[in-house]
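Q: Residue numbers (this note's numbering), protein chains in the order written: chain A, 1 to 708; chain B, 1 to 708.
If you're looking for bench data, these hints aren't it; they were derived computationally from the structure.
Among these hints, one or two may not hold up.
Since the list gives no way to pick one copy over another, a pair counts as held whenever it fits inside one copy or between any two copies.
With a Cα cut of at most 27 Å, we get these calculated DSS-like pairs of lysine-lysine [what the hints assert, rightly or not]: (1) Lys32 <-> Lys49; (2) Lys541 <-> Lys558; (3) Lys587 <-> Lys541; (4) Lys348 <-> Lys220.
2 protein chains.
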Amino acid sequence: MNRNLHYFFHPESIAVIGASANPDSLGYKVMKNMMYGGFAGPVMPVNPKYESVSGVLTYAKVEDLPRVADLAVICTPPAMIPGLIQSLGRRGTKAAVVLTAGLEAESTPGGPSFQVLMLDAALKHGIRILGPNCLGLMVPGSGINASFAHTDSLTGSLAFVSQSGAFSTGVLDWAKSSGIGFSCFISLGNSADVNFSDALEYLSEDANTSAILLYIESIKDAPAFMRAATKAAQKKPVIAIKSGRVADAQKAAASHTGALAGSDEVYEAAFRQSGILRVPSIEDLFGAVETLGKAKPLKGNGLAIFSNGGGPGVMATDSLVMNQGRLARFSDATMERLNGVLPAKWSKANPVDIIGDAPPQRYVDTLKVLVDDADTAAILFINAPSAIVPSEVIAEAMLDTARNASKTVFTCWLGRDGVARAKNLFSDVRIPCFDTPEDAVQAFIHMSRYRKIQWFIAGEAEKDDWVEKLDRSRIREIFADVSGEHRDLLTEPEAKAVLAAAGLPVTNTRTASDPETCLAMAESIGYPVVLKIISPDISHKSDVGGVALNLENDEAVKAAAEAMLARVRSIRPDAQITGFSIQQMVKMPSAHELIIGSTRDPVFGPIIMFGHGGTAVEVIRDHSVALPPITRAIAEDMVNQTRVSRLLAGYRDRPKAKMEAIYEAIIRVSQLVLAFPEIAELDVNPLLANDERVTAIDARIRLAVNDG
Amino acid sequence: MNRNLHYFFHPESIAVIGASANPDSLGYKVMKNMMYGGFAGPVMPVNPKYESVSGVLTYAKVEDLPRVADLAVICTPPAMIPGLIQSLGRRGTKAAVVLTAGLEAESTPGGPSFQVLMLDAALKHGIRILGPNCLGLMVPGSGINASFAHTDSLTGSLAFVSQSGAFSTGVLDWAKSSGIGFSCFISLGNSADVNFSDALEYLSEDANTSAILLYIESIKDAPAFMRAATKAAQKKPVIAIKSGRVADAQKAAASHTGALAGSDEVYEAAFRQSGILRVPSIEDLFGAVETLGKAKPLKGNGLAIFSNGGGPGVMATDSLVMNQGRLARFSDATMERLNGVLPAKWSKANPVDIIGDAPPQRYVDTLKVLVDDADTAAILFINAPSAIVPSEVIAEAMLDTARNASKTVFTCWLGRDGVARAKNLFSDVRIPCFDTPEDAVQAFIHMSRYRKIQWFIAGEAEKDDWVEKLDRSRIREIFADVSGEHRDLLTEPEAKAVLAAAGLPVTNTRTASDPETCLAMAESIGYPVVLKIISPDISHKSDVGGVALNLENDEAVKAAAEAMLARVRSIRPDAQITGFSIQQMVKMPSAHELIIGSTRDPVFGPIIMFGHGGTAVEVIRDHSVALPPITRAIAEDMVNQTRVSRLLAGYRDRPKAKMEAIYEAIIRVSQLVLAFPEIAELDVNPLLANDERVTAIDARIRLAVNDG
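If we strip away everything but chain A, and leave its shape as in the complex, we get (with noise of 0.2 Å):
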């Protein structure tokens, strides 16, 4: 299908229908803003309430126009829409920008809305539908601004997709005064047909197109979109802003992992893994792009720091650290270079103070030095404004250097107007120039970033040999008996079944049907043990007191059992109680509670979470989010993303956790939940985890409810 999006971009003919006189009128504002877009091809009007609009000839009906409209742009009201695109089908034409709101919402009595009757014929005739509810398309090089925005655009090489109209002109107005131009700038609107992935798959084959900037408010069809920004971020820089990080309220869910599905941090892990750099803000998002489009490649990550004063080298020295960037260490040669250049009350560190009263070449000097660090990656240079040098000196001094430097040299200019000619130099050769330290920084905080998700779908993640280990047809045979019995909720022994089943450690657990039961199996395991209730109708065992630890003989286990039973019945006698879990009380010196889990997102579908378990885990709230299939690289980064993951690494006489174990776990949870979609749920609470292995000691499974 998405052949037919090359119409949008370079038609040879376009018709706006619903074109109008009348200045109050969308299709006004459309038809003028066509006219003086500079089109080439003929802009052909349709709107039988007139005989010409904008000084151009009208026509009646899509069926009087003298030729094929490659591209048709569209403002008539909702109900117009359908017999339009039937009749353009017919016509021969391949695409439409649909600007009217109000297609979903408004129907014939009794009939399907709009929107579907407009699939409907577009899909008959192969038309690709823009919109509807959108401010419309501009392809300025090719001088198409099929449009109502109150602005047009420059041309350059950036395309922006956006789902928000209100912010799209704020950014138009903002690019054009800013002197940013666009290779095309589409408004999906409604995304009823063309949606982030068509655009994705179209312009990552534009060659007039160098990177893709997205405004996303909620993505619909994950997987599409997934594939086509990996295979666009291949090519080149596709950089996002993604709103509604913050959600109004926190969800009440069942389980722990369950209250991140639909959770921004899923999108935040969607993104990472497929390549698309997330960045906060507008001003971020083209900071971005210029930065990735002017920097080379960053070979490691330490930056350089250097300044002809000592404070402004020490708050950009803040920032990077605060954004957890790190600054170079230099080499014993590189120290002895420097000293060599620089007078003797050098800073004798990185930030590099060369002094205020540097002459030119000393700033040249010290560059060279910094260039040839081998754990430098890149190098910022700051400049304060002096009356002992002027800055355009400076500049000019160090220009050829900077532009041939093997690394990135990103500048800060303090100041704005004395310092403006040494920026015009430095920005007429591409090299990226700030006005701040921290906005400097944070360009080579988005270059880090950048380069670590281009590792991720570099592929280099992907080698691994974790060979699955799933017992299928145990796992199988437990969720069909789950079913049988018309259960969502697997017990803990029945959960602690299909982890084992999945190749993970799991404390021996037995069940038993009532307190004398109990006895029996705590013997066949040894003592002590641990009793807990089981109950479908309860998630967290602990909140009624139905977990006993630490049972050391049978009247310890008869007692325990008879009064939880008790408890429970009395704080939650609606629960059905079908028994106790017997299980051996793990003594594992030094363990950490850690907590594997799984839900469904309703847009990405399954992710695996990680993070510092036990009961607090909720108020803890330190957990790192992806989406499987989880390489070992992607479970030591979830690792890595954590606060839990310092207290892993051993402090004191706490000796390091078994890393590989943890890593292990957290893939085998990935295995399984992609091996068996019928899993809702899943919580891997607490997994403890010390020096020498790691063992689930309580675990929980939901399946899909499937009335088939």
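With chain A's structure known, arrange chain B on it following the hints.
A: Same frame as chain A, now just chain B:
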């Protein structure tokens, strides 16, 4: 002494000593700046080499000056300066700006530095010195530019006091290019005499100064600084950048709290408690002053957001919540009124999307409703330009309502050229305007933080009645014993006795010199007990196996004591072992491990730390810092700043901790360290806290070594 500062700002005559006709010299630049500045009173150059400089008759020496110079600007070589100050003093000069660098390092052979000699002379004659090694002084309103900056400054009402010359020139350039003016611009240089405290004290009374901006690298006389800052902050906004947030490397420190000495967190606490609004960048500095100058005082912390499109409102909400701000919760009355003025498909919540087709009256109506909402403390209006109603038409319609509102209306006009007229309309009546939702939200966040720190210094936080419970003579006795034995580290039982004498609950603890005595002590305390090694050379007992928990009987105590002795002797053969401590094994179900500590900051003196305790304290890194005296309000604020506060609030079956007991414990420690300045370091870790009480389980106190 401060009265003489007057001569820096309102001199009637100025001498430029070292004024020069050589264009490469500092004296040339300074004299040119002075003459260009437009100062009315005589500017008298002094230099024996020239008859005139910058067209002004030049005097050979200070003695030749035809009249007293109220202010002298000095840029001669270091060696001349002490003599010059003498001469100036004899003539009656009261203030001098010393631009020259190197006075600290240079001296006559074997003599004191020129800086010391200069200060001696200044003290003798009552001359105040700004510098040395500074960029100079500007008082644009009086035409004074006594600096060698590359640019001059506009007149305005902001005072800027800076410790970085390099940064200052950048700020000057940027401010002038942006049309921002100053009441004065002070470069402190080495602060040999005039420092931040002097400047704050003077500027707080200066009628030409509406706000004070500081660029701080380090503070010397902290108590004076805090007094001056608090006094100034009660009169006008004091906003600071403090660079050096990030220490180059983590310091190794013997105690948990000790590592905080000299850290950025102490500055953060000092600023907060003295009413200074700290911001991270120059942009924020001017952004915050702009906002505080234009905004109406906040009476709460809920923000109402409204916009003519969904996207921008969501972006603003993201930014708000990520910066710890919150949306206003609309009352039912507000919702009802909004339903009355908005179309049916409005967002039905805060942020309010009034829909892109809104006519001007709908903007006005919405604004009126939001101004009346009880939980709304301020309003953010975001406009996306549209072809439907031009932004300036909307601005005109809203102008009077926004200006006369009882609450601040922050506005964000997306775009640039297309919204410039709308923005100017609002700017002209001093309504804050921003380019991006993020900047507007940041301004509101600054306001909220400013409101909170104002509350701290307004004295509200002081109304507490925690009567001191110190048993001073008991504590003095213990300290005397320790000093008598030439120790600086207290044993654990001694430290606990001190805490008990300060009113903190501690576990019952005894000491024993050998394993046999341990038995008797254990019996007198009652089983089970905890056994710990006592050694002045071992800070972290658990690291060397020096702690045995939950010993149930005589045998267990004896075995543990003997094994411990052998183990510690083999691991730390260097350590002197003075015995054992035996204490009750505390049974506090559901207790949290907390830490309260204190250390001496080299700048600010005693600091108090609260945080998540236990052996992983350095890895968890979850704490807050404040300066004593700690009031109940500050204690509560300290606890709320930590992540562990969420655990203390209770979750699942774990009850809320007894917060008053925690606050009290923090206050008791504050009282203790204030009363006993000889306490160099103190750690209470862990302090167990549950729903009933708190108890100090372990403690460590180190005294400052006093060889007197």
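Q: Please go over all the hints and tell whether each is borne out by the structure.
A: Verification of the hints:
Taking the shortest Cα distances, Lys32 and Lys49 sit within 27 Å of each other inside one copy (17 Å), while across copies they are farther apart (73 Å). For a Cα distance limit of 27 Å, the shortest separation of Lys541 from Lys558 inside one copy, 18 Å, qualifies, whereas the shortest one across copies, 40 Å, does not. Within a single copy, Lys587 and Lys541 get their C-alpha atoms as close as 21 Å, and across copies as close as 24 Å, so both meet the 27 Å cut-off. Taking CA atoms no more than 27 Å apart as the test, Lys348 paired with Lys220 passes between copies only; the shortest distance there is 24 Å, against 54 Å inside one copy.
When the structure is compared with the earlier hints, no violation turns up for any of them.
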